[in-house]
Amino acid sequence: MKAVVTVVGKDKKGIIARVSGVLFENDINILDISQTIMQDMFTMIMLVDLESSELAVKQLTDKLHIIEKDMDLSIHVQREEIFDSMHRI
Amino acid sequence: MINPFEIIETINMIDKENLDVRTITMGISLKSCAGGDIDVVCGKVYKKITTLAKDLVKVGEDIETQFGIPIINKRISVTPVAALVDALDEPTAEKAVMIAKTLDRAAKTVGVNFIGGYSALVHKDYTNGERILIESIPEALASTDLVCSSVNVGSTRAGINMDAVKQMGDVVKKAAELTRDTQGFACAKLVVFCNAVEDNPFMAGAFHGEGEGECVINVGVSGPGVVKCALETVKDADFGVVAETVKKTAFKITRMGQLVAQEASKRLGVPFGIVDLSLAPTPAVGDSVAYILEEMGLEKCGAHGTTAALALLNDAVKKGGVMASGYVGGLSGAFIPVSEDAGMISAAKEGALTIEKLEAMTCVCSVGLDMIVIPGDTPAATISAIIADEAAIGMVNSKTTAVRIIPAPGKKEGDVVEFGGLLGTGPVMPVKTYSSAEFIARGGRIPAPLQSLKN
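Chains as they are written, first to last, in the numbering used here: chain A, 6 to 94; chain F, 64 to 518.
Hints in this document: simulated from the structure, not taken from any laboratory. Only a predicted model underlies this, so the values are computations on that prediction, with no experimental measurement involved. Beta carbons: idealized from backbone N, C-alpha and C, even for Gly.
Simulated pairs of lysine to aspartate or glutamate, DMTMM-like, Cα-Cα distance not exceeding 25 Å:
no. : chain 1 : residue 1 : chain 2 : residue 2
1   : A       : K15       : A       : D75
2   : F       : K79       : A       : D16
3   : F       : K329      : A       : D89
4   : F       : K329      : A       : E59
5   : F       : K164      : F       : D102
6   : A       : K63       : F       : E127
7   : F       : K121      : A       : E59
8   : F       : K310      : A       : E85
9   : F       : K171      : F       : E277
10  : F       : K412      : F       : D452
11  : A       : K74       : F       : D125
12  : F       : K329      : A       : D54
13  : F       : K94       : F       : E202
14  : A       : K63       : F       : D78
15  : F       : K462      : F       : D452
16  : F       : K79       : A       : E85
17  : A       : K15       : F       : D78
18  : A       : K74       : F       : D78
19  : F       : K412      : F       : E422
20  : A       : K7        : F       : E127
21  : F       : K171      : F       : E261
22  : F       : K382      : A       : D89
23  : A       : K68       : F       : E124
24  : F       : K79       : F       : E307
25  : A       : K63       : F       : E72
26  : F       : K329      : A       : E85
27  : A       : K63       : F       : D118
28  : F       : K381      : A       : D89
29  : F       : K462      : F       : E275
Each pair of labels, with its calculated beta carbon distance range:
no. : chain 1 : residue 1 : chain 2 : residue 2 : range
30  : A       : N31       : F       : E124      : 19 to 25 Å
31  : A       : K63       : F       : T155      : 44 to 50 Å
32  : F       : S461      : A       : D77       : 51 to 57 Å
33  : F       : G484      : A       : D77       : 27 to 33 Å
34  : A       : I42       : F       : K475      : 54 to 60 Å
Below, a sample of chain A positions facing chain F; criterion: calculated Cβ distance under 8 Å:
no. : residue
35  : V9
36  : S39
37  : T41
38  : M43
39  : T48
40  : V62
Using the sequences and the hints, build the whole thing.
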């Protein structure tokens, strides 16, 4: 199962390191990554593969919420299908 | 990979613009539970509901977490209970209320927000069971927490059953009186329909219709805030652009609903029925249908032009949504429940929005006079006459109309009634004080209207 991890917030050091660290520790492969500044906000979008991990979306979300609080960011983990269905005919 | 702007757009819709799936509603047939012995019937009803819906809430919550889409309500609709009352040996109102209490208990066991279907369809005439069920509605609603009731009093093909209209005025009054301590809350769980639909997932009017199967999943989407925000980007553009913007937004909202419906259907092993494309407001700031109309350029919802704005909105929502879902049904359109919509509450408090204007708006929108609080001393005949007017609009225009009106005991024009939660805040709106009593006392049936010579 693939999921999209979205991180939005004020730019600071270590965002990518910490988020990708959690993914690595839990055996989650990053398939694609894009990072940009959108409306003055740091915006990172990762497509990740949860197949090999034992974590479900809920558990991954809980782990990333710790970083979300620590670094004052907004982090979402959502299954890929929602974006496909809303934006593709 | 999906375009980052599209991902951020979806996240903003959910985080900032109140996009949500309003309800996953499981329709359950109770036909197999009919029988003569009330205790046996109640036992079967409880068992069937708690078996089929045991995972409904958990599946809803799992989908919510995995897709990051808020799913506000999980609900159940059942076969109109009047059919069960008809089959009882020596049916009575007390026995009907026992079934209502069983539904309430089953709903609480599985953890859903509401259960609908304490209903009767009497658009032409009553059976004995239907008559008994309708008599029992005030007591059934006052003695349960989650049970919702609806009565269909008219249809385009049958006309309007004016005996039922007359009776429903009394039923609404009595329901309000029995729940005097909660300002007539029972009436918020009671809808009087014309042309009721069989697969509506929204409360209080949901029931599992005659043509439905054993069990089905229907989903109702929402998202007035998303439509309003989209319209903010096309300020001063002409109506072609406005309609196009609403259509595109409705498409995206509905696709999300379709995805949730398919996923829930798969996980529960229950067929997918329909997606209901309704714009359902909540009292939350920024989740209002009235604000969409105001965004189109009206100073206040209720101003002249409101009906036209609502007609455009309602039509564009359907056009955008229809292509996004394989099966569209239910009520599908814009809802205008006064107490549940921050913009409508404000317009009603200021006197910009009146019952007469709301009645006109119901000619072009999804349902009808919804969640309107009126003075507690309004006579039953006046309530019946309001129902008759609304049913006539539905009957002639071949659309669903409904009345969910609350004569709040002891309250008068200018007072405000707090229901709390999604049901919101209702300013008491004035009704005409001229009597309709002789008109309502006639009874009988208004014949079905012509379907040609339409002018």
